[in-house]
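2 protein chains.
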Amino acid sequence: MPTPTTLPLSGVRIIEFASFVAGPSAGKALAQMGAEVIRVDPMGGNADVKRWPLSDRTGESLYWNSLNRGKRSVMLDVRSDVGRDLLLGLATAPGTDAGIVIDNAVGRPWFSYEALAARREDVIAVRVQGRADGRPAVDYTVNGAAGVADMTGPAYTDAPTNHVLPGWDFLCGQQVATAVLAALRRRDKTGHGANVEIALADTATAAVADLGWFTEAAERGDRARHGNHLYGSFGVDFATADGDRVMIVALTPRQWASIGIATGTTEVFAALAASLEADFTTDEGRYAHRGVIEAVLTPWFAQHSTVDVHTALSDAGVLWGPYRSASVVAADFEADAGIDPVLVGVDQPGIGDVISSSSPMRFDGEYSGSVPAVALGSDTAVVLGDVLGLDTAELDRLRAAGVIV
Amino acid sequence: MPTPTTLPLSGVRIIEFASFVAGPSAGKALAQMGAEVIRVDPMGGNADVKRWPLSDRTGESLYWNSLNRGKRSVMLDVRSDVGRDLLLGLATAPGTDAGIVIDNAVGRPWFSYEALAARREDVIAVRVQGRADGRPAVDYTVNGAAGVADMTGPAYTDAPTNHVLPGWDFLCGQQVATAVLAALRRRDKTGHGANVEIALADTATAAVADLGWFTEAAERGDRARHGNHLYGSFGVDFATADGDRVMIVALTPRQWASIGIATGTTEVFAALAASLEADFTTDEGRYAHRGVIEAVLTPWFAQHSTVDVHTALSDAGVLWGPYRSASVVAADFEADAGIDPVLVGVDQPGIGDVISSSSPMRFDGEYSGSVPAVALGSDTAVVLGDVLGLDTAELDRLRAAGVIV
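Protein chains in written order, with numbering that gives the first Met the number 0: chain A, 0 to 404; chain B, 0 to 404.
If we strip away everything but chain A, and leave its shape as in the complex, we get (with noise of 0.2 Å):
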């Protein structure tokens, strides 16, 4: 990673209370621009600590050391008031650049906004809910809600098709992320504290609804499942010779011309087009003849290994990409890290050598690198003396208690 100096978060302080994937997505990202993230978990850790994927070496969850990276940890029994009494304080500290609170810990009063603001009046509590009335969502159930899985998969079921990424939840860790750094900057500012609720429910209607998805529907109904199609103009996967599959789209008549002299079938399209009397140049018209026109190209793709398909394609100045499984981003990352530099192999003590990534973000040309996520709880004597000042004899009265371990 760069000088810790230059990076842009560098000095903040954030205290993570969270599982699963949008409340640590987020302090991840932001411990990746230099913030210091310290993830506090219950005794033994959250009930995300062994989530799947397991590693097939050691059983240690990569899921866990994935989204943990870059952050410190402390393990305290926040069942107990002293543990609690910790928590609130490592959350609470003096700092201008402290004070910050990411959280999912919906329906304890005890970490509520009103008990951390009862510490220090400007703390800035950002909060994931599942929904914004306080009841309980994770991704797959806010994602059929939203309406995106009923127009998701294949044209021929009326099946729903859920995603397998968990999409909402990234998309809302880094709202949060977001929010953290707006509600800072009003802090900084004015020296009010901050209380954001994101619900994740929300998240996703909000998204869909900024496409103009749910004013379509209601002015004509549902429009019919189209597949693998890009809706509203041209983009479709195809299958080379060798059974492998690309994704062309155009959205603009110069991308629709490339994919013409890619494969040879401009003149085919112009004969078609004065047929049919359609004009492929507009979005419209790509759309409504989306059939025929993945017809025609279907041949040329099945007819050309997947070297030349990409050749050809690149070398015309198609916009298109490829398919690949896990397993082959997996492969190309061990043959060539320039194919997808966001990727950084890291030593994960515990399991060792894994797939990490860099932040997306480069700042001033440089990816952020990554680092191996700490064992659990095992910042949590340093923590604990940096932030609240407990010495050695506190630390020991503790351990003795069983509030830390």
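These are computed hints drawn from the structure, not numbers from a lab.
Just so you know, these numbers come straight off a predicted model, no measurement behind them.
Yeah, the Cβ is synthetic: ideal placement off N, Cα and C, and Gly gets one too.
Careful, some of the hints might be misleading.
[As the list claims (entries may be wrong)] To give a feel for the contact side, a few chain B residues facing chain A, derived at Cβ under 10 Å:
#1 5
#2 9
#3 46
#4 49
#5 162
#6 166
#7 172
#8 202
#9 212
#10 225
#11 227
#12 277
#13 299
#14 326
#15 333
Position chain B relative to chain A; hints supplied.
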């Protein structure tokens, strides 16, 4: 919306010279937190000005009007030197809260970071790219390459399933918003500007790496497609007697127990666990036996009405959510705005009533609310006057030269 002075980014001015989803969604998120976001478009609008869906009522883009709410709109002939000079002037105008640019104008040397920094040394420029090496890519061409399309969709086919929602665009956009605020904080503290780049391909690849999925694939190859089942625990959808679907999830022992209570299957699963020598209280046990768990639960859902299913699941504390198509979300909004509190009705000039949304971030308990998008270019003269101090005579000369309308 709350009084502007209470909004966290009040006073911050951002120039957005971008199109499609990532850049404009970043500008929208910042505007919802109180920033003055000035979107600059070329004459006639950018390539996304007529992006689908279009309104059946008026032909206007529901998409464009959704992503550009709450921004000011400037239209300039950026093919002319004078127009480019005006855009560079807006982007690098003085002020501690100005000199911030979001763009995706890859391959325009006249709008490079260097060109901006030559006018204002501490400019903050955050640029969305396709790939980090400058090659073009869009959401739909990076998704397949990140490994996720191969995992998504029905287990009975090997064909990859594209996502419909441009999720990487949204995540990248939120990363842009985060980067803007992190860079602004660094500038406030140190006086340094920032040249930030974020490649959509990196956004996707880094997120999948954050879950540990590439390391998993490196260890044991690609996981089997698991259809609508949640990976590594229990969660899947069921059809009710009315043909509606619900998603239920059990990530914890308590959530698992509640499913048995709601559906009257506690004893069945106890006997089944004994017979299979399985432990359904663990993630491993539930995931390994997800097929039989699904089969045991299916009849209960099929025998109960949607209303009864919802009631029983909620009463027992099951983690669940309904599936809704976009038209059902729209109908729910018409019937009861409290069902999706983030949604907001807006009277959009040029279209009529639309279903818009607040920011999912609630600062101090308040939703941001929403406002209409202004017509393309309608703030041009006012902004050039406000920011660059152009007077009526100068504006008239620009109009006569065709640089503005």
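So, going through the hints one by one against the coordinates:
no.: 1; hint: 5; in the structure: 8 Å, holds
no.: 2; hint: 9; in the structure: 8 Å, holds
no.: 3; hint: 46; in the structure: 6 Å, holds
no.: 4; hint: 49; in the structure: 7 Å, holds
no.: 5; hint: 162; in the structure: 6 Å, holds
no.: 6; hint: 166; in the structure: 4 Å, holds
no.: 7; hint: 172; in the structure: 9 Å, holds
no.: 8; hint: 202; in the structure: 5 Å, holds
no.: 9; hint: 212; in the structure: 5 Å, holds
no.: 10; hint: 225; in the structure: 8 Å, holds
no.: 11; hint: 227; in the structure: 4 Å, holds
no.: 12; hint: 277; in the structure: 16 Å, violated
no.: 13; hint: 299; in the structure: 18 Å, violated
no.: 14; hint: 326; in the structure: 4 Å, holds
no.: 15; hint: 333; in the structure: 8 Å, holds
This entry does not satisfy hints 12 and 13, going by the numbered hints stated previously.
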